Structures are given as structure tokens and as C-alpha cells.
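Sequences listed follow chains A and B, in order. Letter 6 of the first sequence, counting from 1, is numbered 6 in full-length UniProt numbering, and no numbers are missing. Letter 168 of the second sequence, counting from 1, is numbered 168 in full-length UniProt numbering, and no numbers are missing.
No lab work stands behind these hints, which were simulated from the structure alone. Certain hints may be false.
Pulled from the structure, derived: some chain B residues nowhere near chain A, Cβ distances all over 12 angstroms [said to hold, decoys possible]:
| hint | residue |
| --- | --- |
| 1 | F34 |
| 2 | I53 |
| 3 | T85 |
| 4 | S160 |
| 5 | L172 |
| 6 | A186 |
| 7 | D191 |
| 8 | D197 |
| 9 | R204 |
| 10 | D205 |
| 11 | S219 |
Computed footprint of chain B on chain A; a stretch qualifies when at least three of its residues, placed anywhere within it, have a C-beta under 8 angstroms from a C-beta of chain B [stated by the list, open to error]:
| hint | region |
| --- | --- |
| 12 | 352 to 365 |
| 13 | 595 to 602 |
Note that the structure is a prediction, hence the values are computed from the model and not measured. For every residue, glycine included, the Cβ atom is placed at its ideal position computed from N, Cα and C.
Residues per chain are reported as follows:
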Amino acid sequence: MLRSKAIGIGILLSIIFAVTAVPTGETNPGGIEPSISTLVEANGCSCHNVGDGDMNNPNSEVILNLTMPSNFTAGETYTLILNISGGPNDIAPMVEGPNMGGFMLKASSGVLTPINDNVWKPADASYLTHTEDGNNLREWSFNWTAPDSDSIVTSFMVYGNSVNGNAKDPTDNAGNSGDYWNSATFALAGKNAQIAEGGAHGELSGPKKVVYGFGIVFITLAVVVVGYRMVDQDESFEEVMKSYWKWIYPWLTTTDHKYIGTLYIVTGFAWFFIGGVLGLLIRWQLFEPRVDGDFLTYQEYNSTFTMHGTTMIFMAAMPIIFGFANYLIPLQIGARDLAFPRLNSFGYWLLPTGGIVLYMGYFTGGAGDVGWTGYAPYSSGASATRPGTDFWVAGQLMLGASSTLTAVNFLVTMLRMRAPGVTLMKMPLFAWSILVTVFLLLLSIPVFTVALILLMADRTFGSLYFSGPDSDPILWQHLFWYFGHPEVYIVILPAFGVLSEIISTFSRRPIFGYTSMVYAMATIGIISFVVYGHHMFTTGADPLFRFIVMLTTMLVAVPTGIKIFNWLATMTGGSVVLNTPMMFSLGTIITFTIGGITGIILASIPLDIAFHDTYFVVAHFHYVLIGGTMFSFIAGVYYWFPKMTGKMMNERLGIIHFATTFITFNAAFYPMHNVGISGMPRRYATYDASLTELNQFISIFAILFGLAQLIFVYNVFYSYRNGEKAGDNPWNGWSLEWATSSPPPENSFIEIPTLLDAEEEAKKSE
Amino acid sequence: MSLISDLIYFENPAIWDSFGGTSSGLGGLTWQMFIWSVVVGVLVIVWLIYNLIYFRHKEGDPEPKDALKAGVFPHERGDVKIELTWTIAPLILVAWLTFLSLAPLDYMWDIPDNEDADVTVEVTAGSWYWGFEYANGYVKPEEFTKCSSNINCLEVPANSIIRFNITAQDVLHAFYLPDMGIKQDAVPGLDTATWVDTGIVSARDEPYRIYCTEYCGNSHSMMLAEIYVTEVNDA
């Protein structure tokens, strides 16, 4: 007994050790980042390369060398020598001429001082650079006074420039062309420095701290919970593990649509939480106009908004939608399960796996930093994080495969497995919205998959689809948005379905214009394939293409308007019961209408040219994605929670949740319109100081919005334990899921139901 | 400017007053968009509130005749005339807004030729800076004293037609003049063009802003430049 306990504790310890040990396997592909505070530091010597050459990237032909002692003593002054070799100056040495090379050097600690006229230190600066005299040299010496402590490591960041000397020709701008630069970092340890493992990577970055923080919290919780049971219930470690295993095993192996649906929903909300934390990191960075590294470095900021966008669309919104579809579609059409249960399970497990692959970038020197749109040629070039961006591409491919498999499954289920009486035009509107959605998925995802594979080939095999001399840099945008625009309708159409169900149920009357609702959704689906060019109004694509796309985009307003008016008409003449699901639905109508209106404004090319890629766009898509999709699916949780668990959700907590969410959401996102119109571009880690007040307002309410969601989390757990018992049909809905018990039995329906028509029902009861 | 007035008034004169150089004020595209946005928004909210006031369920209300029943597909509710109304009305509205967009669009896309513009500027975007060069042998007037280099700084005459020929060196960038409502992507290997009439902004000593608005990597947020609009006498 004692032995098995010891083994158990040993395993636990080794798991903890393994988890903490993983991050030390980190690589630093981009080298150690310089702190970028001025243009020169940001660009290296790129201003020397106007005209030709690969000015963006350092050139490895240029070799930098810094001569320095083997270690340093505190406070001592040393003379260091920097020299440059290689590059154009080697090929055509300008023996007599000026302009042979240049440099910039900064030290992470200590003080640099020039010792002759070749080197100078700009006023208020801490770095050294060459003077005009020093322009003619390829070797410079200067003094460095060591810091007060010799238990640290000082690193020297050097930019060196090898120059071909054509600046002597005063005509035009030729002076800068054909020059190459490189950068290097040299570390000089103090006498007493402890060179720790991984110490060269320095402090943990912001997002890493968060990831590690959650890891530590999670492990501590696990130890406490397991330990508590061992002590309190006097169970052995094995018994505790066994009882957990018994609980977790069905979740890992299930092919039941209800279990998989729940897994999808929980996973989706978990990623929503992680994506939300990333969003709050963005808002904290923008709390005031910060410079690089004040809170996040630019690189980290770029990774943060990339992962925020990708997480929210592909790992939060989509799984939540698939979760509800998984749980409800078989119930709504009267089937016992999906057509291919094991395929369904496979589709689900690709999701957390793909998500983890996407996030691997955080442990390998920086997550993908290409934006959720991944525009080439930046994403196909060398400067995007490596391997973070490769992980981003690989993860996206897996998520795409997951969606495709699931879409096939739903399509077959809905076309072949409907219960008697459930004709296509008698399916609930949520089922219809999913049917349209899966068509969109099946038509759009292959294009994205192809684009991702081409991008991956560019990144890893050196092909030139997106960044070669003869390739078209706009090609990626066509491929991406051909998928990307249907994608945003993929996430909004199911929300329309949820709203239609809830509004009809809580008005206690049939939906107004069922048929026109179905046609409106189908129309939106079809139009979605011919509007994608509105993301490309400023690219310089063919004007005729852009003009046609403006017309089709304007047309989307018509079916969307029909839906909104039909919902309102459903309430008119009804008997409206105002429970939490209904409140969230009505809130959604307001926020989605605002998002739709700004969509029309952005569809007008002249206005889009002014607003494109500013915070106005950010406001627009948060209004449709949070204010449309997320709000209606939160309403969906309140609405279907009784069906899934057999317990009602707490109404008072629900109302508080709605009020705080609705107010903080609008307070956080509405001012983004103003910020955008004032000209603040999106994806900026800093901004014009005159916008500080508004940005602080936004940040504060964004944080409050995040906190308000904790009420929801609490409500779910609280109601799961303490909720009132829900009957089979607590809200008096009509569709077939309300005809089975809550929660539904193992096989969903004891007996396959038949959907009656209202007329048949009337005859029967006579 | 206090926070409240910031929230109410979307401050950017370029957008409101002289947007795109065509009809401004209430007849202009921006104001029309704003007015119709408010009309539609208010319509939806008022109708919603009206429903909530007049059609709330009260204790003891009789069940509606066509109340929902589990397992029964409800009666189709609807009225073709009403539904046609709110199909056609939005159609007319978006048609009107599209029509309004045509004039400014035509104005914006009617880019003057290199020879017809008062000044043509070759804009080169690189990571992460803007390079400017006057083309067509334009002689810099002596009033231009504000820029010490042609990197991240441009000076143009007031009340003139400026054409920008834009290209990028490495990845996508976008040339954005927020105060003049101009934006054009800079694409490597492709020459794009845009133009602006500096008559829509006042000549002043402080610079107007130039931003990069297409994500281009690490220091995207620092890819800023300045454009000075200066009065030139002999023009």
C-alpha cells in the first residue's frame, strides 16, 4: 500500500517536473530582440538600401566582430573594438573614398563613451554611432564603463553597414542603394555572473507569464483537489485517480452527439476565455500610448492580436456553433445521432489538437504574428515569426479539416435522417441555418486549405507562390477572402437561427414569415460568395471588380433587414415573456443592427477608403461577432441549458449578467467608431496621444466586460448544482427537442417522434 | 475636448466637411449615411420598445390561438404585402446610398495623369519607413524648409493637386492620410496611385499625419511619417 502511494506521488512529481521543464526547450529564432525605440533601431540601417537590395533583412555577408575582454569587473572601464568585413565594400573596396561603413551599438548596461572623432553619442541617447569622419572606416574603438554589479551579463547589440560608396555621386538618391547591413549581439559576462540555463533569454514576456501563471494555478488546483480527496475520503492515490478516470473515460471515448456537443461547447467557451484574456492584454497595451516593451514588445503585441483573432473565430465561435449544432440538430430533426458518429468524434478531437498546435508558437520564441488574415508576402517571408507562424498555418489546416468533416456529417444527417413529418420546409430555423452554413463551409474551406498549403510550401520548401519576383502578392487576399467572407457568415447565420427560435418561443407565437426567413438565409449564403472583394477596396485590384463587389455587398442588407423586421413582427401581436434568453436576443437585435449599419457604411467604397483598417472596422466586426454571434449563443446557453442538464439557470444572475454585459459591451466598443474616424489604425501597438482618454475609457470597459462574463461562468456552475428542476418543455417551444426528456435519454428519443402539422394536430384533437 | 463630446462628435473634419472633394454638408455621402443610420437604428429600437410595452405577457393572459406546442409545426404566420414592403424599402435605401457613393467614387478614381498633377510624388514604402521623391523634375520651392530628409517627411504646396505613385519594397503597406481621407495599399511589384487636392486642408506649420495601415511586421505601429502643407507664393 505504502509502495503504491510512493509510486503515485512519484508520478505526480514527475508530471509536475515535466510540465515545468517543457518551456526550457525554447529556441530563439529571431535572436534576442533589440529594444526598439527609434526608427534607426527599428530598421537597422535599412535607410541605406533605398532603391534595391533586400533592405528589409540583414545580410549575412556582412560580418561583425567586437573585440572585448573575457569578463568584466564592476565599475572598470574597457576599450572595445568593433570591426566590419564582407558586403559590397569588400567587393569594390573604396580605398581612398569616404563612406565605407557605419555602425550603431548599444549596451544593455554600463555606459558607452566615444574616445575619438570617429565615434559619437547623440544627445540624450545611450547608444554610439559613427560620425562623418568615422564613415570612412571599417573599424572603430570606444570605451565602455562596466555597471556597478559584476554578477550580470551585458549584451551589446550592434548594427553594422557595409557601404559601396556611391554616395559621392550627388545626383538623386543613389547614395543609399546597394548597401548591406547586418546585426549581431555580443554577450560579456561579469566576473561573478552565474550563467544560468536559458538565462540568456532573459525575463519572461507578458503572454508567457500569463500562460505559466495559468499552468501553475491549474497544477496547484489539481494537487489540492487530489490531495483533499486522499485525506478527506481516506482514499489511496490510485482510488482517486481511478474514480476520476471513470468520470473522464466516457468523455474521451464518446461518439454520442450529446456528449460531443457538450465537449464542443465547453471547449469553445474555454478558448473564448483564453482569447478574451489575450484581448484584455491588447486593451492593457493600449491603455496609454506605450512605446515598445513598456508592457508588451511590438513583436508580442503582434502575436497577441493574431492569436486573439484566430482563437475567437476558429476556436471559440466555430466550436460553440458546432457544439449547439451537434447537440440540437439530431434532436430537432428527430434522429438518434449524427450519420457518422465516429467521424464526428474525430472532427471534435482535431479541434483541441489544432488549437494546441496553434499555441505552440508561444513556447518556441513567439506565436504567429501575421494577423488572423495572414497576408502574404509578409506571412510567406522570413520576418514572420519562425516557427510560430508555421505552427499557426499547421493549426489552421487541422481546424479546417475538423470543420470539413463536421460539415459533411451534418449535411448527410439533415438530408437523410429526418423523422417522419420533418420535411425540409418544416425544419426549425436553427436547423436551416446550420444547413446553409455547412454548404458555405464545404464550398469555402477547400480554397483556404489550398491557400494554407501554398503558404506552407512558401515558408518551408522555398516555393514562390506569394513572394517570388513573378508572383502576385494580392493572390493570397483573393484566396483568403474567398473563404474569409463566407466564414464570417458561417459564424453569423447560426446566430440568426438561434435568435429565430428564441424570439418565436418567448413571443409564444410562430415566427413571422418562416418561408421568407429560410429564403433570406439562403440568399445571404449565396451572396456571401460574391462579396469578398469588399475587403480589398484599397488594394489596387481591378476597379470593375471592386465596383461590382460594392453593389453585391449593399445587397446583403436586404435579406438581413428582412430577418430583423421579421423578428420584430413576430413579437408584435405576441405575448412576450422576458426571460434571460429573450433579453439577450433582444440585446442582440440592437447590437447586431448597429453592426449591420456600419457594415453598409463600409460597403461604400469612398467611405471604406477612409475607414479601412482603422478602429472603425474593429468596432464593426466586434459589433457583429460579439454583439451578434456571441450574444445569441449566450442566449442559446440560457435557452437550452435546461434541455441539456435538466436544471433551470438562475434567472436573477442571468438578468445581472445581461445588464452588465450589454452596458459594458457598448461602452467598450462603441467609442472604437470614434477612435477609428479620428484615424487610429488597427493593429497598432501605440497611438496618437490625443486619443489617450478615449482609449482608456475603452480599456476600462473592456476589462469590466471581461469580468461580467465571470457571472455567467458562476451561473452555469451554480445552476448545474442548485438549479430548479426543468420539465421537458420549460419554455413551451415547438421543435422536436422539446418533445424528449430533459436531459435527453441515452438514445435521444425512446421512440422516434413524428412531427405533426398544426392542421393535423387540430383535426386530431377534435 | 472632453470625453463626452469626443463620444458624441466623431471628430475628423476631413470626413464631415470636405470629404472626397465632392458635395459636403447634409447632401454629402457622409451625412446621408449618418442620417439613414440613425433613422434605421431608431426605427428598430422604437419598434422593439413598442413591442415590449404593448405585447408583454401578463398573468392571466389567454394563450394566443396559435400558441406553440411541442412536436407540432406551427401555422405559417406572414403577410406577403408587409414582407414585400420590407424587402423593397431596404432595397431602395441601399440603392440610394450606392447612388450617392458614385460621385465621390468617380472623383477619387479619376486620378490626374502625372503631367496634369501640380506635383507628383513617388512614394516608396519599406519596413518600416516611407521614402518620398518628387517626380517630373519638380523644383522644390524655396518655401519648403520643414523636411530635413526625404525619409518619413514630405512637404507639398497648398491648394494643389498632388498625385502619389506608390510602391512597396518588401511586404504590403498602406499609405494613409487620415486628415484627408486617402488610403492606398502599397504592393511590392505593383504601382498603385492615388491623389489629393490639398485645398481641402489648411496650410499650417504643424504636419499632417501619414500612417501605414496594412500590417507589415514588428514595427508596423512606428511606420509613421509627416506631410507638411505649405503656402507657396509663385504658384
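Checked hints:
no.	hint	in the structure
1	F34	violated (9 angstroms)
2	I53	violated (10 angstroms)
3	T85	violated (9 angstroms)
4	S160	holds (21 angstroms)
5	L172	violated (6 angstroms)
6	A186	violated (9 angstroms)
7	D191	violated (8 angstroms)
8	D197	holds (14 angstroms)
9	R204	holds (16 angstroms)
10	D205	holds (17 angstroms)
11	S219	violated (4 angstroms)
12	352 to 365	violated (count 0)
13	595 to 602	holds (count 4)
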